[in-house]
Structures are given as C-alpha cells and as structure tokens.
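Participant: Residue strings, one per chain:
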Amino acid sequence: MKLVTAIIKPHKLDDVKASLGEVGVAGMTVSEVRGFGRQRGHTETYRGAEYTVDFVPKVRVEVVVDDGDAAKVVEAIAGAARTDKIGDGKVWVTPVESITRIRTGEAGADAL
Amino acid sequence: MKLVTAIIKPHKLDDVKASLGEVGVAGMTVSEVRGFGRQRGHTETYRGAEYTVDFVPKVRVEVVVDDGDAAKVVEAIAGAARTDKIGDGKVWVTPVESITRIRTGEAGADAL
Amino acid sequence: MKLVTAIIKPHKLDDVKASLGEVGVAGMTVSEVRGFGRQRGHTETYRGAEYTVDFVPKVRVEVVVDDGDAAKVVEAIAGAARTDKIGDGKVWVTPVESITRIRTGEAGADAL
Amino acid sequence: MDYQGDHAWILTSSALVLFMTPGLAFFYGGMVRSKNMLGMLMQNFFSMGLISVIWGVVGFSLAFGNFGDGGLLGDFEFAWMRDLFDPSSGARPALDMIYQATFAIITPALITGAIADRMRFSAWVWFLGLWSILVYSPVAHWVFGGGWMAKMGALDFAGGAVVHINAGAAALAAVIILGKRKGWPKTAMPPHMLPWTLLGAGILWFGWFGFNAGSAGLANGQAVQAFVNTNMAAAAAMLGWLAVERLKDGHATTLGAASGAVAGLVAITPCAGFVSGMSPFYIGAAAGVICYLAIQLKFKLQYDDSLDVVGVHLVGGLVGSLLLGFFADDVVNALGQYAAVDGVFTGGGWGLFKDQAVASFATFGYSFAMSAIILLGLKAVLPKGIRVTEDEEDQGLDLTQHAEVSYALGDMGSMARE
Amino acid sequence: MDYQGDHAWILTSSALVLFMTPGLAFFYGGMVRSKNMLGMLMQNFFSMGLISVIWGVVGFSLAFGNFGDGGLLGDFEFAWMRDLFDPSSGARPALDMIYQATFAIITPALITGAIADRMRFSAWVWFLGLWSILVYSPVAHWVFGGGWMAKMGALDFAGGAVVHINAGAAALAAVIILGKRKGWPKTAMPPHMLPWTLLGAGILWFGWFGFNAGSAGLANGQAVQAFVNTNMAAAAAMLGWLAVERLKDGHATTLGAASGAVAGLVAITPCAGFVSGMSPFYIGAAAGVICYLAIQLKFKLQYDDSLDVVGVHLVGGLVGSLLLGFFADDVVNALGQYAAVDGVFTGGGWGLFKDQAVASFATFGYSFAMSAIILLGLKAVLPKGIRVTEDEEDQGLDLTQHAEVSYALGDMGSMARE
Amino acid sequence: MDYQGDHAWILTSSALVLFMTPGLAFFYGGMVRSKNMLGMLMQNFFSMGLISVIWGVVGFSLAFGNFGDGGLLGDFEFAWMRDLFDPSSGARPALDMIYQATFAIITPALITGAIADRMRFSAWVWFLGLWSILVYSPVAHWVFGGGWMAKMGALDFAGGAVVHINAGAAALAAVIILGKRKGWPKTAMPPHMLPWTLLGAGILWFGWFGFNAGSAGLANGQAVQAFVNTNMAAAAAMLGWLAVERLKDGHATTLGAASGAVAGLVAITPCAGFVSGMSPFYIGAAAGVICYLAIQLKFKLQYDDSLDVVGVHLVGGLVGSLLLGFFADDVVNALGQYAAVDGVFTGGGWGLFKDQAVASFATFGYSFAMSAIILLGLKAVLPKGIRVTEDEEDQGLDLTQHAEVSYALGDMGSMARE
Ligand SMILES: Nc1ncnc2c1ncn2[C@@H]1O[C@H](COP(=O)(O)OP(=O)(O)O)[C@@H](O)[C@H]1O
Ligand SMILES: Nc1ncnc2c1ncn2[C@@H]1O[C@H](COP(=O)(O)OP(=O)(O)O)[C@@H](O)[C@H]1O
Ligand SMILES: Nc1ncnc2c1ncn2[C@@H]1O[C@H](COP(=O)(O)OP(=O)(O)O)[C@@H](O)[C@H]1O
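Chains as they are written, first to last, in this note's numbering: chain U, 1 to 112; chain G, 1 to 112; chain F, 1 to 112; chain E, 1 to 418; chain S, 1 to 418; chain A, 1 to 418.
In isolation and in its complexed conformation, chain U is listed as follows (with noise of 0.2 Å):
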C-alpha cells in the first residue's frame, strides 16, 4: 500500500478527481491547506498599512493505493493538475502498512 499525497491548485481539483477515476481510483481525501515556495502571495492593504501575506491557497489530495498503482497514480494526479504555472504544486509518495476500512473491517486492497 502506498500513500499519494498531492498539493495542487484549488481550482484544479475538478480535474484531478476526474483523471482520478479514470485510473480506477473510487476514493480519495482532500483538504484546504496553504502553501508557501516559488509562487508568489499577495499583498493587502488597510487604511494606508501594507500587509504581505506569503501563503497561497492549495488543496491537498490523499489517495491511498495499491503499491502496484502508485506511478499510475502519480502521472494521473500530475497530469491533470499541470497548468504550466509557477505553483503548480507537488506529489509524493509514502509507505502504508496497513489499511481498514471502518464499516467492515476488510484489510489491504479489499479496504479501498
């Protein structure tokens, strides 16, 4: 089993979840986050003070797989979220040793 963890851009996520299933994927977790590296944030201003803010908004996508999917997995994420863009973001892979699913109690693949 493997853990994909992607951050992508927010409005990417459509594409993402749709390329996705095309790779047979059923299940996946996302969540807000905020990233900071090349990309550039913004800057906001109140009653004359400036204020940088370096954070940008990102959305994180989780999908555990099996360990034969993962590269197909990667390249499906990679593929879809790529708008040739400074912050386009990154994916990454770690282990999982061992998964459940909550309602039955199925271990392993049948978990996913």
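Just so you know, the hints here were simulated from the structure itself, not pulled from any lab data.
The beta carbon of each residue, even a glycine, is placed where N, CA and C say it ideally should be.
Hints should not be assumed to be uniformly reliable.
[Stated by the list, open to error] Partial chain U-side listing against chain G, Cβ under 8 Å, derived:
no., residue
1, Leu3
2, Lys17
3, Gly27
4, Met28
5, Thr29
6, Val30
7, Glu97
8, Ile99
9, Ile102
10, Gly105
11, Ala111
[Said to hold, decoys possible] Dumping the calculated DSS-like pairs for lysine-lysine here, alpha-carbon to alpha-carbon at most 25 Å:
no., chain 1, residue 1, chain 2, residue 2
12, S, Lys182, U, Lys85
13, U, Lys17, S, Lys186
14, E, Lys182, G, Lys85
15, S, Lys248, E, Lys384
16, A, Lys248, A, Lys186
17, G, Lys17, F, Lys85
18, G, Lys85, E, Lys180
19, G, Lys17, G, Lys85
20, S, Lys384, S, Lys180
21, S, Lys384, S, Lys182
22, S, Lys182, U, Lys17
[To be verified] Where chain E lies over chain A, by a calculated footprint (3+ residues, C-beta under 8 Å):
no., segment
23, 8-14
24, 25-36
25, 75-83
26, 87-100
27, 396-403
Given the coordinates of chain U, assemble chains G, F, E, S and A with the ligands onto it according to the supplied hints.
Facilitator: Chains G, F, E, S and A with the ligands only, in chain U's frame:
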C-alpha cells in the same frame, strides 16, 4: 513509532476520542477534510440551477503511537467510528522514524 | 526524501517559517488543525449551560526534505516553535519514496 | 386636526415592525447550528409571505371586524381587502390593517425558536397558516379588537398576551409534541455565529419602538411614553440578566446581553403606554432576572425549548402582563383609547391585576390547547408527518428542506452543474 | 395646512431608500463567490458617494429642472445646489432633491448584479457617473420631471420604468458587451453566503416602504395605499416564486423566497399608489411566477446575467408597468398629483395600457442603446479596458481591485506588515 | 400648531440614533481579529443597557436641568425620570430625554474602537458609567443644555464637540494609559471580516440622518437642510478619502469607502443645520482627506489607536467644528433656536471661528484630562486592573471575558456539556 491516520464521520469524533482515551492514548491531532468514495454527496439548487457536490465532510484523526500500540489503536478507532453505514471511513498506519516534543526536546516514546 | 511534519502553536508560524528559511528550506505546506494533549482547552457558556472544548487550535507544517537535511530541519522547527509552555507541539519524520514537481515533472531533490 | 403627523408615525412604525421579523430570523439564526441556519431564516421570512396574504384576505377581518363587540371573534366585514380605503380619513382602516399585519407576521415567527432544527418545512407552512387563523386572529380580537378581554377591563398595550404569551404557549405545546432534537441535552449544540444574534437583537430593539410606541396609534404623548418605557425596560433587563449571569456562571455574555434586552422588551410590551416614571426599570429588571432563571427549567423538566421561547416570551409576557396590574398609571392611560386605571402600587387596588391574570391564563390555555390540536392533527394527516427523519436532522434543514448551504467560504471548489 | 407631518414621512422615506443601497449590496454580495464579496459591496457603496455628488451638482437639475415641460431633459436651474432652500415651504425643493437622490443612487447600483465578478473598478466608476447623467437624469425627467411620458399619460408611481426597466436594460447591454464570467456556465458559481442575501432582502423590503409609500410625497391616503400594496405584492410574489420552484425543482429555497419578494417589490413599484383592493396580490403573484421563469432564459440564450438583474428587474419592471394598464383604479389615483385614470379591468379601456407599453419600450430602447454606447466608448478609451484580466478574475475582485480580503477567520496568522 | 408631525420625526430620529450603536458595534467589530469580535460587540451593546439607566436616573438632568443657565452643569430637576411626562405638550420633555439618551449611549461607545482587544470588561463597565456622569453630562450641558459655550456663542448642531471631540479626546487618553496591543505595530492585525464593517457603515449612515436632521427638534426646513448636508458630506468625504488612498496606496479600498463616509458624517455633525449650498461638499471632502492623513500619525507617534478613533472622530470633529467658523450661513441658522450668525466665508468675520476654537479645545482639554483621571483611578483601585493579562490577550476577549466564541462553522463537533 507509527502514525495512525483515520478518516471518520464528523459526529463520531467524540466517541473516537473517548475510545482512544481508554486505550491510553493521551494526544492526537484532528482536522476537517472532505471525502470522496462510495458514500453519495448531495445536491443543491439555486434559482433553478442544480449542482451536485460529491465530497462529504469528514474528520481526519492522527495519532503517533509506539510500534506495539498501533494495532490496538487502529482497533479502538475502528470500533468507535463504526456506524455500519457507508462512509464510515478508513484507518491506515504509516511508519514514523522519529518524533520530538518541542517543549522539552524529548524524543521517541517520551515525546508522546 | 523525508517528510517532516510539525504540529505547532498558530502564532509561532511566522517564526518557524523564518527559521526554515535560514536553513535553506524553500517550500512548505501548512494547514489548520486542532490538537488534544496535555494543554487544557477552554470552557464556553451559553445561557447558563456550560460546555468544555478539549481541542486547541494548532497549525500543521509539512516539509519534504532531502534525507540529509531532516535532522537540521527538525531542529530548526523545534527551536523556533518553542515557548516552553505546555502545548508547544510535536515534530515527526516519515519516509518519502518519491516526489515530483507537477509543473516540470522533475523528481527527487530537484522537485523541492 | 390634521392626520399627517400621526400617519407619518404609524407608517414608520409599520415599517419598523415588519423589519423585526428579519431581525428575529437572525437573532434565532445565530443560535442554531450552521447546518440549520437557512431553515431558521426561511421559517421566519416565509411568515412575511404567507401571513401577509392570509391577513389581507381574512385574518384582519376576523380580528378587527365587529370591533368592540365584547365577543370572541370578528367577522368578514373587511375580508378580501374590502372597505379599507377611505380617502376622507387618509385610508385609516388600511393603515390599521397593515400595521396590525406586521404583528400577525411576527407572532407565529416567535415560535420558530422553540421548534428549531427539526420541523419539516411543509409542516411549518401548514401550521403557520392554520395557527394564524385559528389562534392569532381570535386572541387578537379578544383584546385589540374590543372583544371579551377588553370589555372585562384587561389591558394589553402592544401584545403581552396577544403576542408573547400566545406564541410562548404555542411554543410549549409544539416542543412537547415534536419532541427533543436528536442528542439533546447530551450533545452540545452551541450557537454557530453569535454576531448574527447580536445583529438581530439590535434590529429587534430598533423595531420594537414601532411595536410599542406605534401601538398608541397616534404621534402623541402616549407614544412618547411608550417609546421611553420600551428603551428603559430593555436596558434594565439587560443589566438584570447580566448581573445574575455573572453571579451564577462567572461571566457576563453577549448572548446574555441580547437575551436580557429581548426579555425586557417582551415584558414592557403590555405595559408600554400604561406606566410611567421609574416603572419601566423595575419591570425590565424583574424580567431580566426571572427570564434568566426560567430558561434553566427546560433542563429540569426535559423539554427541548431550543432557543428559549418559553423562557423568554411566555415567562416574559406573563411578567409584564401581571406586573402591569401593579404599575399601571392612570395619568398616562388617560391619553389613549382605554379607560384610565391604576394598579396595586398606584392606588388602584387589585381589580386590574385580577383582570390581567384572567386574560393571561385564558390566552395561555386557549393557545396551548389549540396549538396542540393543530399539531396533532397535522401529524396525523400529513403523509410525511411534522418532523424530519433522523437522517435529515443529521444533515440539517438547509440541505434537506431547501437544497442549499449557508456558507461556502473555502477556496476548494468542487461542484458540478447538472 | 402644516407640512410637518408630510416632512416627517418624506425625511423618513429618504433615509429608508438610502438604506436600500447597502441592503442591495448584501443581497447581491451573498450570491457572489467569496473572493468577489468586497468588489460587490464596493460597487454599491461607491454609488452612494459618487451619485450623491453628481446629483447635487447637476443630476437633480437635469431631471427636475424645467418641471412639467413635457420634454426630454431638464435644465440647470438647480445646478450646484442652487435654489433648493426655501424656508417658507420648509425647504420642500431640498426635500424633493434628497429624496430623489436616493433613487438616483440605487438605480445604477441595481446593474452591479449583472456584471458581478468581472468589471474593473475604475471602469465602473466611469460608467456609473456617465450613466447617471446620460441615462438616469433624462429618463427621470420624462416621467418624474413632467417630461414627454408624463404628458402622454403614462403612469409610473415610483419607478417601474425609470428605475427597473431602465437598470434592467442597461444590465442586458452590459453583460453582452462585458461577456461571460470565466467558466460560465460550466463551472459552478454558487452563492458564498446566503444569510447576507436574506439580510439584504430584509433591508430591501423594509426600505421599499420608503421607496413606494414615500413616492406619494405626502403622508396621505395614497401613501397608505402604496404601503399596503407594497407589502402585499412582495408577499404574493414570494409565494408565487416558491410555488413554481417547488413544483419544478422539488424544493422551496430561501434564495427563492428572497428573490420572489424582490420580484414582487419591483413589479408593484409603478403601481403602488394607483391600484387597490386585491390587485397587489395578483400583480405580485404574476411577478413571482414570471420572473422565476424569466431567469431560466439566460442559460438558453447564453448571456451571463450573473445575479439575474434582467430576469428580475427588467422583466419585473415590465410586468408591473404593463399590468398597471389593467389594474389602475381612479379612486386611488385621484388622491395624487396625477390625473385619475382606470385600466382595462377597471373600465378604463386600453388607453392607459398603450401609454404604458410605449413608455416601457421607449425606456428600454433608450437605456439599452445609450448604455451600450457608453460601455463601448469606455472600452475603447480606457487604457486597461473595462474588464479585469483572466488572472485577476481568478484571484477575485477583492484582492485585485481593492487589495483586501473579506474573511480572515482562521487562527493561523502569517502576515507581515511592510 | 399641532405637534404630531414633529413628534413623528423625533420619535423616528430617536429610533434611528439608537440603531447607530449596533451599527457602530459591527463597523468596529469587522475590523478586530475574530477572537475579539464579541468583546467589541459587547462593549457597545452594553452601553445601550448601562447608559440608558444612568441617563434616566441622573444623566439627563445633569445635562439638561437648569437649561440655559450659561453654566457648567445641570441639576437634579429631572432626576429619577421626574417631570418628564407633560400631556399638554405631548410629553415633549420625555421626547427630548429619550432622543438625547441615544446620543449619551453612542458617545462613549465610540471610544471602544481605540481600546479594542485589551480592556477588561469589568473595567469598561466602570469607565463607561463614570465617564458618562463626569464627562458626557457636563460637556453636553455646556452646549446642548445652554451652558457656558452656548452662551459664549459657539455652535454645535448635533455634537461635533459634545460627541466627537469629546469621545476622541477620551480615546487618546485611554490608549496612552492602556498601552499598545501585544505585538503592535509589528504583528499584523488585519480586519477579520470587512463585510461587518460595511454593514455597520451602512447602518451608521442611515442612522446619522436621525442624529443630524433630528437635532433640528422639529420636522422643519432646518431638518431638511441638515438631512441634505449629512448625505452630501458623507458622499464627498468618501470620494476624498478614496482619491488620496488611490494616489498613495494604489487602491481604493472598501474599508476606505466606509471610513471616508464616517469621517464626513463626523465633520458635518456640528455644521448640519447651519450651512447650505455646496458647503457640505467642501467640508466633507476636507474631512475625507485630512482624516486619512491623520490616521497615519499613530505609526509615527507610536500610540495604538486601534481602529482610529482619534484620527476619525477627534480630527474629524475638529475639522467640522472649526470649518463651521468659515461656512456658517445665517439664512439657515435663523430657522433654529439659535442666533443667526455667519462665518468667515459668508461675511460674518472671525467671531464665530474664535468661539468654535475655544469650544473645541476646551472640550478636548476637559475630556482628555478627566478621562485620564478616571482611568488612572480605576487602574489603582480595581483589583485586576484595567487591562487583560497577556495570556488573555492571546486567547482573545471573546473567550476570556465572555466565555463565548463568535464562529463555529465547522462540521467537527467536539464539545461536552457539563
Ligand atoms: N519542500 C516542500 N515540502 C512540502 N510542500 C512543498 C514544498 N515545496 C513546495 N511545496 C508545496 O508546493 C506548492 C507549490 O510550490 P511552488 O514552489 O510555489 O511551485 P512549483 O511546485 O510549481 O515550483 C507550495 O505552495 C507548497 O504548498
Ligand atoms: N483510496 C482512498 N484514499 C484515501 N481516502 C479514501 C480512499 N477511499 C476512501 N477514502 C476516504 O474514506 C471515506 C469513506 O469512504 P467510502 O467509500 O465513502 O465509504 P466506506 O469506507 O464505508 O466504504 C471517504 O469519504 C474518503 O474520505
Ligand atoms: N500522540 C500524538 N499524536 C499526534 N499528535 C499529538 C500527539 N500528542 C500530542 N499531539 C499534538 O501535539 C499537541 C501538543 O501536545 P500537548 O500534549 O498538549 O503538549 P506538549 O507537546 O507540550 O507536551 C497537541 O495539541 C496535539 O495536536
């Protein structure tokens, strides 16, 4: 050290917390996430236009535990979070190489 | 590659960011979480009914780094986030098997 | 005498009282959980729609037709908006009709606080309409329309009985019949956004000047006195509530400030044009303290009066209606259309108090019984009943009753248009 | 006769109508995505600033100068705030000026709902000012200022044509010239916070009493009738909209309740002081149903009228202006400054209807054409054009036009002061 | 002459001014960090409670007793709500009392913007009460009550000195004594929810018509002129503020639009019934520009006037009070209860300006000194002092002072009822 990550239904959080307390877990970190899976989302209507939302609100629970406790913790979570309805979620375990308590610098099991 | 995950106090984020900058970390992802541990929560009162909230607001910082940098990064975070009061949080390290920069497809250290 | 000055004030008052219903919607809305926010707003706003129509078609006539008959119900004299437009009086009947419409709208809206989070919207629609015709119009006739209570000598300046005891009694019947919210009282159900509640309280306080001072019907000294009393009772009740809250719970809360003010406004409603001097302070302070204590009852007696309509409106209405028996001042009374009468403290003996007690309990009894009958009837008749399913309650009224959500603040858009 | 009572009502009405523009800002603001909330609020609030000044300097004079000339435009009689303060009449000209100022402010503000999320703020500033002088003042003169439409015999009590058809036609021109929002209609763009929309609807309903009943100019029977009609039409339209929505979509929504009420308020605007009895119910119900159906058109015809200004204000304004030709009642009319006239249903034949149709379509044609000319001119002249860049649209108006964000609720502070 | 028309307007104005305090609460509340939202709301709403009571019991009498004595303080003539109800005048004294109560409520509430985020609630309670009696009532007597300033010939139509300079001076004393917020000015403390601020600004603008036009005391031409001036000054100030902001910072902001409008409303307050023609535009524009520049001072001088009460109210109040010495117009003046007098630009020479300057600085001096004395006294006397602890400041006023939170929007419920 293991990191146990669970995706559960939001209203089961209190039960899971209680159950973790019973097996001696003294700390955890939780966050709001959205899940996609077998459980259906919902439909919204605004001025005659219909929208479908596939993601459903979930809570992610993360607990770092000693290697030996992982199985017990997974069981405690899965037991408490079960409602036997679709969408109860997953629990997975990943390896942790080191952990530090920021306040004291303690490492390993002492950091928990 | 390692993933360094830290749970810190929200108002220490700027210090941690600065400190990471000093050790050469150019990117990170942060998110709002709630923590449960030794630090006490708070009490709210509404029309005479009292409620206790055990969870306290925390920020999760995630940084993917080269294997060799992990220790340094943990130290940088722990140093910057310390207030010596209960609730300063944890830092843990997990293995990362691969990482890709979505925009360019670069992998490994080049993706950071 | 010219009527323009009076018209100006009653037109303004009508607008103010109409605005109270959105205010009430937000006062309540801030207190429910976020998944039920729109459900709460909708139940209130819908009253502005449905009751306006019912009131114009038949409600006003049932309440104010046969004016001064000393009886139980009006007639169909003004039904279908008939005979309201009389140019010589500047359309005074139409002015009275629309001013009273705003009272007819907000009274059932008060009940929504009790039944929060669990009533089917379609059941609410039925209940709202039936209640207005079968309960509100008759009770309004008894006092405002010159019915038996007015004849008996009971006083109710702007609706302590007609509005607050009436709605509070209906609320009590409704929570008993509907049952508790799932999880109550074990599960915490704290307010999701108190600033809405404070905003609503501000609007209510503002609009209540139209409610009470407008009830003088003219821009005269009684209107001024009612205005003064309204403000002072709200203020004293806020202080009273906060004082006891601080003593008992250790903190003075913003919800307490808002709730106390509303309790004072409720209690002064029947008294506004009938008392003077320091009286509004005493009545307000009493209401603040008593209502705070009254809302603790629901935990003891185990009825889920979700946002304390019983504790604030029923109890506050009783406090005001009964205290009027003590504080009524015939110098102020004399200005209005009512007979001048004094209370116990002002040398008038116990006569008025007795009338007030009779009127209060008659209102309570009729409203409680009739509301229960309507609800039990609807429960039996409506195919899906009057309460949402457990699943719907979990998901919230916003999604299940209205297919909407209140807040979509996040950056993460994932929604598909069909 | 003393004027104080009338003054009291028109001062109050002026305040109420002024308050409608913030109400409109929130009504619209709740419907846009959160990144454009402040942009929406700003376009509306800015109208309170810019138009007040323009109106005082020249706009009022262009609309109301040369009063009753039966012509096309006023003159400079009152320019630079001249000759408004006449102590003997209690400064009645100044009172008329400021009351009408609030109409001049809200009319272009209505357009912001159509162009939501994509117009440069600086382009809006130019458009707003030019439109007020070149479109609003002339059209106001035609009817309110005693110009050609008034002479012809067309009626417009409070602005069915001057305000709603006028703004709706401009909105249609604007969305055609500006183009669709990026992603529309495929991308979902649901309301970010409906409670704002409901709050705005509550404020609008409240303020509309000043809009319509204030248009009687006096605190007389016509004002009362207009007040009654306003409330009843809003109510009936809410029910009408919700009924058809429930039938077609399966749910009665809070957005529908708010939208329906506004549609009814729009439609009754031209009729408010001219119809009586049950008429407001019929006009309102028609508006509720027709406007609901009209807003579905944009998906068919593919114009991105973002918050349905065309569907609600243009169509609602037409419904009201034309139905007045059927329902006008000379008993009520007679009270005002206008000639008494009946409609088709009230025995007056088709004469009035024809005038209404001519006035409606003339207003539509002039406003549409002139708005298009202004916008095309600005597009050609302004260095950065009239629309934000794609990137700015993605980021939202709040950040790119105003360097601000609406919501900062989180605990995670990471912001540096320069 | 009938009084009903005047009563209608002053009753309406009283309601409008009362509504300004909730408006102010939200205007300020939107600008603080979310953890202090309820703390801000509470400080304002509490003023409605406490000051109403104090004003009725003693404050009004201290300010308006001994009317026209040319002295320093009123007496106890009206204490304990005595002698306010006089049927022959339609209870005019009671009407004046309640109208003025709303001013007494909002004036200290203005100070809450300066001391945001760091004052103990119990210390605020004490300060509020003492300040009202020791500072507000005397200063109100000097001008409004016919005290020495009025006798001298200084003019203050609706409270440029009594309200704005007075509150601004107290704010300055308070921020010096309380000290800076933890982290200021290094840590960013941006507004948590600007829509609240815009909503508050809308309510303030709306209510300010009651504040200024109500100060005529009658529904006459002066009221109309004051209404016109109020609107026009707010508008011009919004444009002035935005223009300089755009030049200096590159963007016109919504916070700027709201702040500019408020600055204009402040500056026109002393002038509203005394100037005419284009004057409100000049006064407003000057206030917009000058206040924008004034708020930058705090960074230079290092006092943490958190939401710019000094920059907007003290400076704006001074701008208006002093400019009145230039723009006063005796044609308008003559309508009121004051002596007709002209300013520098209107041929009246420097006499009025001198009086205005004396009145402004006397108000500033007295309020600053007395406020400092009260605060230093409280600091010495109150067991926990006047400021929250560092830890409490970190956690926020909502939790630590009121045991509440503002926003609970999430799906994740984890709260236990005790
Ligand atoms: N070392 C890192 N660890 C974790 N997240 C990172 C790291 N570097 C970048 N990110 C995440 O990836 C996002 C995109 O990175 P950025 O450098 O802006 O653009 P790009 O990936 O296109 O070069 C960041 O906003 C952040 O969320
Ligand atoms: N492959 C996956 N990777 C990560 N999270 C998943 C995955 N599959 C499901 N989830 C999470 O688990 C939740 C429940 O899954 P779902 O398929 O709806 O029900 P069940 O687990 O009961 O079969 C989802 O909402 C999602 O958050
Ligand atoms: N076992 C754990 N697994 C995951 N997160 C934990 C664990 N224990 C503590 N935490 C996180 O660390 C935070 C701080 O822990 P706490 O015990 O309060 O203080 P400290 O780390 O100073 O001893 C918690 O709020 C929680 O977010």
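Participant: Indicate, hint by hint, whether the structure satisfies it.
Facilitator: Outcome of the hint check:
Residue-level restraint check for Leu3 of chain U holds (minimum Cβ-Cβ distance to chain G is 7 Å; threshold 8 Å). Against a cut-off of 8 Å between C-beta atoms, the interface hint on Lys17 of chain U holds, since the closest Cβ of chain G lies about 7 Å away. The interface hint given for Gly27 of chain U holds, since its Cβ lies 4 Å from the closest Cβ of chain G, which is under the 8 Å cut-off. Interface hint status for Met28 of chain U: upheld, as the beta-carbon distance to the closest one in chain G is roughly 5 Å, under 8 Å.
With a least beta-carbon distance of about 5 Å to chain G, the hint placing Thr29 of chain U at the interface is held under the 8 Å criterion. The beta carbon of Val30 of chain U is positioned within 8 Å of a beta carbon in chain G (closest approach about 5 Å), and the interface hint is therefore held. For Glu97 of chain U, the shortest C-beta to C-beta distance to chain G is roughly 5 Å, which falls under 8 Å, so the interface hint holds. This hint holds: Ile99 of chain U has a C-beta 4 Å from the nearest C-beta of chain G, less than the 8 Å allowed.
Annotation: Ile102 of chain U was flagged as interfacial toward chain G, and the flag holds, the nearest CB pair being 4 Å apart, inside 8 Å. Because the smallest distance between the Cβ of Gly105 of chain U and any Cβ of chain G comes to about 7 Å, under 8 Å, the interface hint for this residue holds. Checking Ala111 of chain U against chain G by beta carbon gives a least distance of about 6 Å; that is within 8 Å, so the hint holds. At most 25 Å may separate the alpha-carbon atoms for a hinted pair to count; Lys182 of chain S and Lys85 of chain U meet this at roughly 18 Å.
The hinted pair formed by Lys17 of chain U and Lys186 of chain S meets the criterion: a straight-line CA distance of about 16 Å does not exceed 25 Å. As the CA atoms of Lys182 of chain E and Lys85 of chain G are separated by approximately 18 Å, the hinted pair is consistent with the 25 Å bound. For the hint pairing Lys248 of chain S with Lys384 of chain E, the CA-to-CA distance comes to about 20 Å; that is within 25 Å, so the pair holds. Pair hint Lys248 of chain A plus Lys186 of chain A holds up; C-alpha atoms about 21 Å apart against a cutoff of 25 Å.
A C-alpha spacing of about 24 Å is found between Lys17 of chain G and Lys85 of chain F, which places the hinted pair at or below 25 Å, so the restraint holds. At roughly 24 Å between alpha-carbon atoms, Lys85 of chain G and Lys180 of chain E fall within 25 Å of each other, so this suggested pair holds. Our distance criterion of 25 Å between C-alpha atoms is met by Lys17 of chain G and Lys85 of chain G, whose separation comes to about 20 Å. The suggested pairing of Lys384 of chain S with Lys180 of chain S holds, with an alpha-carbon distance near 18 Å, which does not exceed 25 Å.
Taking the CA atoms of Lys384 of chain S and Lys182 of chain S, the gap is near 18 Å; set against the 25 Å cutoff, the hint holds. Of the pairs offered as hints, the one joining Lys182 of chain S and Lys17 of chain U holds, with about 21 Å between alpha carbons and a cut-off of 25 Å not exceeded. Only residues whose C-beta sits within less than 8 Å of a C-beta in chain E count toward coverage, and the segment 8-14 of chain A has 5 of them, enough to reach three; the restraint holds. Residue count for the segment 25-36 of chain A with a Cβ under 8 Å from a Cβ of chain E: 3. That meets the three needed, and the coverage hint holds.
Check result for the segment 75-83 of chain A against chain E: holds, 3 residues qualifying (beta carbon to beta carbon below 8 Å, three or more required). Counting residues of the segment 87-100 of chain A whose beta carbon lies closer than 8 Å to any beta carbon of chain E gives 9, which meets the minimum of three for the stated coverage. Requiring three or more residues with a Cβ within less than 8 Å of a Cβ of chain E, the coverage given for the segment 396-403 of chain A holds, as 3 such residues are present.
Checked against the numbered hints listed earlier, the structure breaks none of them; every hint is satisfied.
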